[in-house]
Structure formats: structure tokens, C-alpha cells
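Enquirer: These are the residues of each chain, in order.
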Amino acid sequence: AQTVTQSQPEMSVQEAETVTLSCTYDTSENNYYLFWYKQPPSRQMILVIRQEAYKQQNATENRFSVNFQKAAKSFSLKISDSQLGDTAMYFCAFMKQNDMRFGAGTRLTVKP
Amino acid sequence: NAGVTQTPKFRVLKTGQSMTLLCAQDMNHEYMYWYRQDPGMGLRLIHYSVGEGTTAKGEVPDGYNVSRLKKQNFLLGLESAAPSQTSVYFCASKNSGSYNEQFFGPGTRLTVL
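Here the protein sequences line up with chains A and B, keeping their order.
Residue numbering for the first sequence follows the numbering used here, beginning at 1 and increasing consecutively.
Residue numbering for the second sequence follows the numbering used here, beginning at 1001 and increasing consecutively.
Since the hints were derived computationally from the structure, they do not count as laboratory data.
Please read all numbers here as calculations on a predicted model, not as lab measurements.
One should not assume that every hint holds.
Said to hold, decoys possible - Cut-off 25 Å, straight-line C-alpha distance, at most; resulting in silico cross-link-like pairs (DSS-like, lysine-lysine):
(1) A:Lys78 / A:Lys55
(2) B:Lys1014 / A:Lys96
(3) B:Lys1071 / A:Lys96
(4) A:Lys55 / A:Lys73
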């Protein structure tokens, strides 16, 4: 079974700075999908960014970008120009067909 | 559009009681999912459905049953609640196609005493 590991339970960053959240996964699959979800205190799960494993180009969504290293099974999230509204839990997720596995999450606090 | 809604938002049960959580989506999505979220852990898949009348087991299915009698609804049942089922339950839906985003409901906080 696939496993997803987020090794940073908590992180903090100053407003306007850049922060990188780590994620590694374990799988024997070749084709799969990776996601980062944000969960603010409201508890709502919000998709931040996604990546198809067969695409070498790293996905980018405005201030959010990923560093996808398929051979290393690594999928880190970089948040540029951090904003107070970025304060939330961030979950990395791996999906193959309908089996979605989440990491334990990283609690990110953006400080003014 | 309301998106994905969950009923109820909160519930307290006694051990051994039964209950049903309702998930409804108005986006005409084919796929629907039930997850649970426990402290210090990410979401774990309980059951899912790839279409009306179909269901399948996820990572942690024991103690739960599901039904998908209508495309827009996905029900999660607890026949005999246990304290280990205290959790926040999330429903999600998406269109077919693995790359498509899962849309999540607001969650149901269930406490079993």
C-alpha cells in the first residue's frame, strides 16, 4: 500500500517570505497523481495544486509551486510571498485510481 | 450550487447506537468518497462509489456501511457505534478521471461516548 510522509509537523514563516513544505511517498506504481490540500481552521479542504506523475514539468499555481522528483519520490510545496491567509494545515496526497492516501499534515503559521 | 453538503454537522452517540451520515452533491459527479480524519493523521478513505448503485471498500472500512441509491447522495452508516469511531467525517465527490479534483464537504464531527 502507498504511504505518504510529511516530516514537518509544524512550520512557521514571516509574512512575505518563502517556505517549503516537504512530502515523500512510497509506491511501486509508475502512473499516479499527487496533490496538496489546504485545511484552514474552518476545516474545509481546499485543493492547492496537483501534479501528474508522467509530467516532468513542475506544476505552478500563482504563489504555489511544487518540486516533483519522481525518482526520489518527493513532492515538496513552495509558497512564495507568504500571506496571513496561508495559515492552515497542509496535506500532501497520493492518488492511484480511487485510492487517495494523505500524509499526516504540516501546520503552517504565517507570522506578521 | 451548494457543492457538497453533509448532514448533520455534529452528533454525539452512545456506544452501540446507530446512525447514518448523509452526503449530497449537486455537481452531477460520478464518484463519491467517505473519509475520516483523526488528530495527528491525514484523511483516511473509508468507502467510495464510482457510480449509482456501486460501492467499494477503502483503507479503513470496518464498522461502516455505505449506500449509493441515487447519484447525488452517498450515505455512511454506523450500525453499532464504538468510541474508536469518534472522528471528523468528510465526504467528497469528483468527476471521472483520476486528475480531477475532489470537492469536499464541510465535515461532520461525531463523538461516541
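Enquirer: Take the hints in turn and mark each one as holding or not.
Expert: Going through the hints against the structure:
1. A:Lys78 / A:Lys55: holds, 18 Å
2. B:Lys1014 / A:Lys96: Violated. B:Lys1014 to A:Lys96 sits at ~37 Å, over the 25 Å cutoff.
3. B:Lys1071 / A:Lys96: holds, 23 Å
4. A:Lys55 / A:Lys73: holds, 14 Å
Checked against the numbered hints above, the structure breaks only hint 2 and satisfies the rest.
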